[in-house]
Structures are given as C-alpha cells and as structure tokens.
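Chains as they are written, first to last, in my numbering: chain A, 566 to 672; chain B, 200 to 453.
All clues stand as given, with none of them false.
Computed from the model, here is a short list of chain B residues facing chain A with C-beta under 10 Å: (1) I241; (2) A243; (3) Q248.
Treat the hints as calculated values from the structure; they're not laboratory data. No residue lacks a Cβ here, since even glycine has one placed at the ideal position from N, Cα and C.
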Amino acid sequence: MTQGLPELGRFAEPSLYILLSLSEGPKHGYAIMADVEAISGIPLGPGTLYGALARLEQRGMIEALEPVERRRPYRLTGLGATTLKAQLDGLAGFARTGLERLRETAR
Amino acid sequence: MTRLVALYPRTWRDRYEDEFLALLSERPPDPLDRIDIVRGAIDARLNPQVCPRLSPKPLEPLPYNGPWSIRRAGILTLIGGLIWLATMGIAVNGPIVRDGLHAYRDVGAAMATFLLSVALLLVGLWAVAATVPSTSRVARTAALIAGLAGMLWAFAPWMVVFGAVMCLGLAILAIEASRTGRWRRSDAAILVAGIAAAVAVAAAAVAGIKPPVSEPDVQFVALLMLAPLWFATAHALLRPAIPVAEPARDPSTA
Numbered sequence: 566m567t568q569g570l571p572e573l574g575r576f577a578e579p580s581l582y583i584l585l586s587l588s589e590g591p592k593h594g595y596a597i598m599a600d601v602e603a604i605s606g607i608p609l610g611p612g613t614l615y616g617a618l619a620r621l622e623q624r625g626m627i628e629a630l631e632p633v634e635r636r637r638p639y640r641l642t643g644l645g646a647t648t649l650k651a652q653l654d655g656l657a658g659f660a661r662t663g664l665e666r667l668r669e670t671a672r
Numbered sequence: 200m201t202r203l204v205a206l207y208p209r210t211w212r213d214r215y216e217d218e219f220l221a222l223l224s225e226r227p228p229d230p231l232d233r234i235d236i237v238r239g240a241i242d243a244r245l246n247p248q249v250c251p252r253l254s255p256k257p258l259e260p261l262p263y264n265g266p267w268s269i270r271r272a273g274i275l276t277l278i279g280g281l282i283w284l285a286t287m288g289i290a291v292n293g294p295i296v297r298d299g300l301h302a303y304r305d306v307g308a309a310m311a312t313f314l315l316s317v318a319l320l321l322v323g324l325w326a327v328a329a330t331v332p333s334t335s336r337v338a339r340t341a342a343l344i345a346g347l348a349g350m351l352w353a354f355a356p357w358m359v360v361f362g363a364v365m366c367l368g369l370a371i372l373a374i375e376a377s378r379t380g381r382w383r384r385s386d387a388a389i390l391v392a393g394i395a396a397a398v399a400v401a402a403a404a405v406a407g408i409k410p411p412v413s414e415p416d417v418q419f420v421a422l423l424m425l426a427p428l429w430f431a432t433a434h435a436l437l438r439p440a441i442p443v444a445e446p447a448r449d450p451s452t453a
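Chain A extracted, bound-state conformation (with noise of 0.2 Å):
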C-alpha cells in the first residue's frame, strides 16, 4: 500500500525532494541538502530537512544507517521507492495532460 505524501503538509514537496534525492543511493543530511538545491534550484532549511526526514522514517519511507563521523545517512526503503515512483507517475501525468491542453490550444 502506497502511503501519499500530501497528508504531510508543508513537508510535502521536501519529502519528495528527499525521496528523489535518496533514490540515488544512500546520503546523509548535508548531501541531500545539496543534491535537493542542485535537482530544484531551493534551496532546504535544517530545520525543514530533519521535519521532513523524520516523517518520512516514520512512515517507513526511508531508514537510517549507521553513522559516519557523526553524519548519519539514510537510504530509500521499499516502500519509499514504490511512494516515490507513485508520485513521479502522479506528476508524469499531470504534465502530459497541461502540454496536450496546450497544444490544442496552439491550434
């Protein structure tokens, strides 16, 4: 079962910065924070980062490895892959949807 990321709020669109970030392999909080500021252009807070990493290892979506030198990286669970995918999908569609629209209007 594919638990969404819209019940989690302002947490929403990090989390999914998060899970995309993770889907790489393995990174700890620093790393993702510059990953999710080189895939979008925003950059992440501290304080956002951790909300949204602490949800989303809550739900099973992501989990936490042993730390390195005090840095502790997650990776992406099962379930965080399915969500994931669920939610690239989601926005796969929406975008073909808005570019046909468009196009029809064009003509």
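Please build the complex by placing chain B on the supplied structure of chain A, with the hints as guidance.
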C-alpha cells in the same frame, strides 16, 4: 548553535541532535536557516515525529555501482602509488649531469614508471568521477580537466603546469566527493594536505630557502609529497564512506 537545537524537544534531540549539529557545523546556518530551525523546533513540539528505533543495519563497505570495476580501480590506484614511490627512488638515483651552466639529475630511467603511475592515478580519478552524483557538475568538470592535464603530464613530466592543474582538479573532485558523502573527509583532507605540502616545498625552493637535500633533488621531495594523491584515492575507492543501496524492495510485495 546549540541554543537553537535546545528549542527541540528532548526526544527529538536524543534521536537527531548529534547528526543535526554535525550538519550545522558543516553548513553554518544563515539567518534564514535559523528561522527555519526555529520553525522546525515548533513543528517538532506540535507534531512529534520521532522514530525512536534506529535501523540496526550497519554500513557495509559496499562500493558503488559496478562494485568490481570501482574496487579494481582502487587496487590499480594503490599499485600506481607504489610505482610513484619507486619512480622517485629511480629518479633520485639517476646520475647528475653537469653541462657547465648548471647541474641536474638525469631522470630518463624513471620516465616509464612516471607515465605508468600517473596513468594509474587517472584510472582512480575516473572511478571517483563515476561515483560522485551526476548532478555535481563541479566535480565532473574538475575530473575532466584533471584527466586531460594528467594525460599531458604523464607524457611530459617537465611541464609542471599540467601536473599542477591535475592536482588542483583532483583536489576539487575530492572535496566535492567528500561534500556529497562519497568520500570520508579524512581521505579528502589527506589528499589536499599532500598537495599543499608539495606546493610548500616548491615555493620554499623558489624563495631560496635551502632544503635539507641537494639542489637537484628538491623537486623530487615536492613530488614525493604528492604520494597521498594515490593512496587517499585508493583508500576512498576501496572503502567508500557511503555505499549505494541495494535495489529497494517494497516490503508490501514481499
């Protein structure tokens, strides 16, 4: 910093404080970040989300994608480092040539091993570039420039500028790999320290500070300082800081 973190509830701090402080020490918060932290603390108090159970799974020393190719690259880089040391040994034992104006070492015998050791370093450089996130353009660009400069330097050791560009590129790549969690910070620090030491020796020689070795050999002392390039790279490739996750499986489908 700790005052801001103290705003979070105790249960949150028990779980996240250490890594959160590590993050803040790595990326000092600007005023907007501080506001974000305060908002996060309020949220943590209003909506406790702490997951008390930590995954017992340890960080296994798995390499990245294509484990054997990366591991092999690490072994080759390590061999390259040993060849580099041998190269310096061969070079400093070459005969001193005096042409009337100045004296220099004939390092012709070390050319082949020099080329081989630099080529093996480039193998390591390629492997590091393959492991940094694809979004890290700085790392990829640095690796490309360092690779090109390294190839030129391997065939023309007297062109010090190529060596300098290669070292600079490798330093940027190592810092970026560390920043993105691909390298341990200690590996990147050792590599950068090696380059800094080589630059310091060269600068001292240029400034006329007498080295504790004979004049023709000071360049080899500087080059010897570059050995950490091979060993830090090899160590990072053989024992990466963060492994790539195995393909995630959905527990609901298991």
